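> Top line first, the protein sequences correspond to chains D, G and E.
So in the working numbering the end of the first sequence lands on 373, straight run, no missing numbers.
So in the working numbering the end of the second sequence lands on 373, straight run, no missing numbers.
So in the working numbering the end of the third sequence lands on 373, straight run, no missing numbers.
The reader is advised that the hints may include incorrect statements.
One copy or two, it doesn't matter: identical chains are merged, so the pair holds either way.
As the list claims (entries may be wrong) - Below, in silico cross-link-like pairs of lysine-lysine (DSS-like), each with a Cα-Cα straight-line distance of 30 Å or less: (1) K242 x K101; (2) K67 x K101; (3) K212 x K318; (4) K212 x K242; (5) K294 x K217; (6) K315 x K157; (7) K157 x K317.
These are computed hints drawn from the structure, not numbers from a lab.
Predicted model only: the values in this text are computed from it and were never measured.
The chain contents come next:
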Amino acid sequence: MAEWTKHSLLDLKSLSVEEIEMILETAKSFKEVSSRDVKKVPALRGKTVVMLFFEPSTRTRTSFELAAKRLSADTINIAASSSALSKGETILDMAKNIEAMNVDAIIVRHSCSGVPLVLADNLSASIINAGDGCREHPTQALLDMFTINEKLGKIKGLNISIVGDILHSRVARSNIWGLTKLGANVTVCGPSTMMPAGIEKLGVKVSYDIDAIIPESDVLMLLRIQKERQDDKRLPSIREYAKIFGVNQERLRKAKKEVLIMHPGPTNRGVELSAEVADGEYSVILNQVTNGVAIRMAVLYLLLGIREPVSA
Amino acid sequence: MAEWTKHSLLDLKSLSVEEIEMILETAKSFKEVSSRDVKKVPALRGKTVVMLFFEPSTRTRTSFELAAKRLSADTINIAASSSALSKGETILDMAKNIEAMNVDAIIVRHSCSGVPLVLADNLSASIINAGDGCREHPTQALLDMFTINEKLGKIKGLNISIVGDILHSRVARSNIWGLTKLGANVTVCGPSTMMPAGIEKLGVKVSYDIDAIIPESDVLMLLRIQKERQDDKRLPSIREYAKIFGVNQERLRKAKKEVLIMHPGPTNRGVELSAEVADGEYSVILNQVTNGVAIRMAVLYLLLGIREPVSA
Amino acid sequence: MAEWTKHSLLDLKSLSVEEIEMILETAKSFKEVSSRDVKKVPALRGKTVVMLFFEPSTRTRTSFELAAKRLSADTINIAASSSALSKGETILDMAKNIEAMNVDAIIVRHSCSGVPLVLADNLSASIINAGDGCREHPTQALLDMFTINEKLGKIKGLNISIVGDILHSRVARSNIWGLTKLGANVTVCGPSTMMPAGIEKLGVKVSYDIDAIIPESDVLMLLRIQKERQDDKRLPSIREYAKIFGVNQERLRKAKKEVLIMHPGPTNRGVELSAEVADGEYSVILNQVTNGVAIRMAVLYLLLGIREPVSA
Chain D
62 MAEWTKHSLL DLKSLSVEEI EMILETAKSF KEVSSRDVKK VPALRGKTVV MLFFEPSTRT
122 RTSFELAAKR LSADTINIAA SSSALSKGET ILDMAKNIEA MNVDAIIVRH SCSGVPLVLA
182 DNLSASIINA GDGCREHPTQ ALLDMFTINE KLGKIKGLNI SIVGDILHSR VARSNIWGLT
242 KLGANVTVCG PSTMMPAGIE KLGVKVSYDI DAIIPESDVL MLLRIQKERQ DDKRLPSIRE
302 YAKIFGVNQE RLRKAKKEVL IMHPGPTNRG VELSAEVADG EYSVILNQVT NGVAIRMAVL
362 YLLLGIREPV SA
Chain G
62 MAEWTKHSLL DLKSLSVEEI EMILETAKSF KEVSSRDVKK VPALRGKTVV MLFFEPSTRT
122 RTSFELAAKR LSADTINIAA SSSALSKGET ILDMAKNIEA MNVDAIIVRH SCSGVPLVLA
182 DNLSASIINA GDGCREHPTQ ALLDMFTINE KLGKIKGLNI SIVGDILHSR VARSNIWGLT
242 KLGANVTVCG PSTMMPAGIE KLGVKVSYDI DAIIPESDVL MLLRIQKERQ DDKRLPSIRE
302 YAKIFGVNQE RLRKAKKEVL IMHPGPTNRG VELSAEVADG EYSVILNQVT NGVAIRMAVL
362 YLLLGIREPV SA
Chain E
62 MAEWTKHSLL DLKSLSVEEI EMILETAKSF KEVSSRDVKK VPALRGKTVV MLFFEPSTRT
122 RTSFELAAKR LSADTINIAA SSSALSKGET ILDMAKNIEA MNVDAIIVRH SCSGVPLVLA
182 DNLSASIINA GDGCREHPTQ ALLDMFTINE KLGKIKGLNI SIVGDILHSR VARSNIWGLT
242 KLGANVTVCG PSTMMPAGIE KLGVKVSYDI DAIIPESDVL MLLRIQKERQ DDKRLPSIRE
302 YAKIFGVNQE RLRKAKKEVL IMHPGPTNRG VELSAEVADG EYSVILNQVT NGVAIRMAVL
362 YLLLGIREPV SA
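Construct the complete structure from the given sequences, taking the supplied hints into account.
Below you can see the structure in the form of structure tokens.
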């Protein structure tokens, strides 16, 4: 395997195909670690990993925290509110203070796009983007790619449809960057009010008709509909969205026999997909969650630059 | 000792006498661990234990967290609000996601009775009930039984009085199941508005007069009066409750010489018991807290099925 | 080195010169630990350290938590609100319950002066004051002294000016006790409404004119201005404070060539000091943060009485 050189993981836009593949490959061995009776390796013993979350999050935070702990790193949770910062302190100030405690990695989530980039430009700790505004959520896309690869044996040449609120979705954006780099044919589908202008320039096809794309999709990646979007008038009603874009058993009858149903969670059962589909035979939603820990272990391991064997 | 076979700890209703005794016995050796200079054994190294609390809790959460850490398990805290779930996600959904991260045990507290049972029926992780609605709080009753046994040398044949809001108390219910199985004579005592209809069917005596039962009680287990109960009209006033049921030095004059005063905490000093009684010679309230860690270590150890010796 | 005998760290008022020097000396070796690739020593393995914070805090809590983890102690966070206590439980009650779980140290922050003393008088666990009301914040002053010593090679004979809201500052009070004991010449400076009556009795000079003291100061220690103070009429306006007491490049022109700019954080950029000064060549603000972890490791190590060598 080539040598890993990046110091931070900010987005998939700036990763090379080789770098993406190196993360996916490294995650394979870490997936095995989490299935052991003793789910723990000493790789990052004595390293300090801080979770700095400016948006509430249970599952992403838990996934990163478990990943760090299974690598034997020390973890610190900081649930920062923007209000704490309104006292005249900048985010950069706060992050520099955290770094000054000899912290090795800061995992950051923030509602503003670009915050992780600013931190990476100004700090020497490794920065991991755990979601920034509507821009990117790279570890989510990596775990999605890992799951597709695991289930279908490849990514290249697959027809992958991302359905929902493309405009506001950092998950969609990271997946578009990653999947197109690995050679998938990506289609984005959703209401026109939730489709960013010029999205085709990223190398994707655009559809407004889910029934038209289901028959040829190898993967249906459904995005969470934020109920707030109804208030800002982008959605006539949740019920109407469910009727036009929601995936149910009826719609899936026209799907390929081995189609994968994916969702970054948490799901709105009855909106993006029916409960039967969420729990059904095509759903790999829980596999995504399992793989998330492996991906995050791989990312931490590669970034923090320990070169001991995983199995040690 | 017999082999432990249960995968989850949901309640004392469904435990056999042998199982209760096995937990109490195992807790003895773990109590010794917490008194060592190095309070730590490697028994659960590499295991992941999640505290999923839908009700705020400091002491029960801390007790479980310390128990897991002293067994060398990795711990994750999730303070879940019901509001997070109102976004269309079910509790089961959330728990399945947590489990998918290869979690070994989920310790759950919820204001609805039965939530731990639903999780145990649907997940393969071990579920530990840390209090569900008004139903059960099994580790509290186990630590109470451990304390009684430690102080009085037996449980069988003792007269144990549980005083307070029996209707809403999961602590009372778990103790009734456990203590009657072990052969104690249990009396419940409190205002008639806080006494569940038909409680005698569980094998207990009912009293509305604390002064009548004090002289023959070996143990007085006082329950916390929730001030909210005054609002729902079950209680004329806190002051009146204190006068009629509150245990003070005066009342204790008629008690047995070796009576134990117990309380699951946090105490309302001046309501269920006077400050003098809480801090007095008969009080074993802090012993209960100490024993709570040992009981929770025993439960985690038995459920997660490691068969190495404790002293390793 | 002499033997350490204190069981708790409550304030600098009651520490001897020798004790202060022993902490500063011990912190030197721990600073080295945090600069290692594996930032961890087994000194406090199997010890339990609880952070009991009644006031919100990110940096102090994180600094203590990292210090404990790098010493291999188990840590528990309890973010206590005064509201939790209004249910009839006293702070002492709560702390006794925590201690009953065989806890070795309780690190406490509370808005009321004296709370750590009450706990130390009534508990056998070691108590560490992480800030009590307007009284003391001993580890902050210790890390300040460590930083001054590290940068200027001594404390004795230095002119150290503390500028800001002296009245409400526990940081100022701890530094006054510590620095005067070690032989520094301390001047306090700020608006007269924020200057405690009789402060000279602590052995400090008082000034109301920052420009008069800058030329002879070896250290300028700037305190955070709480915006709330404007509401209680102690401050005409933040803008006016910044104009009269704020340290900017212009003012610093009259300073000594090796002056140190210190601040306990978080800074109000544009109030106590300009952004240029905060990030400028004289600023040791981030060094203070780094040294804070070393000081807290030293304090935990000395109090919890493990006599193994640090490097083990």
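> Now look at each hint and say whether the structure bears it out.
Against the structure, the hints come out as follows:
1. In the homo-oligomer, the alpha carbons of K242 and K101 never lie at most 30 Å apart, since the shortest distance is 33 Å inside one protomer and 40 Å across protomers.
2. In the homo-oligomer, the alpha carbons of K67 and K101 lie at most 30 Å apart both inside one protomer (25 Å) and across protomers (25 Å), since each shortest distance falls under that limit.
3. For the identical chains of this complex, K212 and K318 are intra-copy neighbours only, at 13 Å inside a copy versus 66 Å across copies, given an alpha-carbon limit of 30 Å.
4. In this assembly of identical chains, the alpha carbons of K212 and K242 lie at most 30 Å apart only when taken from the same copy (19 Å versus 51 Å across copies).
5. When the C-alpha separation of K294 and K217 is checked against a cutoff of 30 Å, the pair qualifies neither within a copy, at 37 Å, nor between copies, at 67 Å.
6. Taking the closest pair of Cα atoms, K315 and K157 come within 30 Å of each other only across two copies (29 Å); inside a single copy the shortest separation is 53 Å, beyond that limit.
7. For the homomeric pair K157 and K317, the shortest alpha-carbon distance between copies (27 Å) is at most 30 Å, but the shortest distance inside one copy (51 Å) is not.
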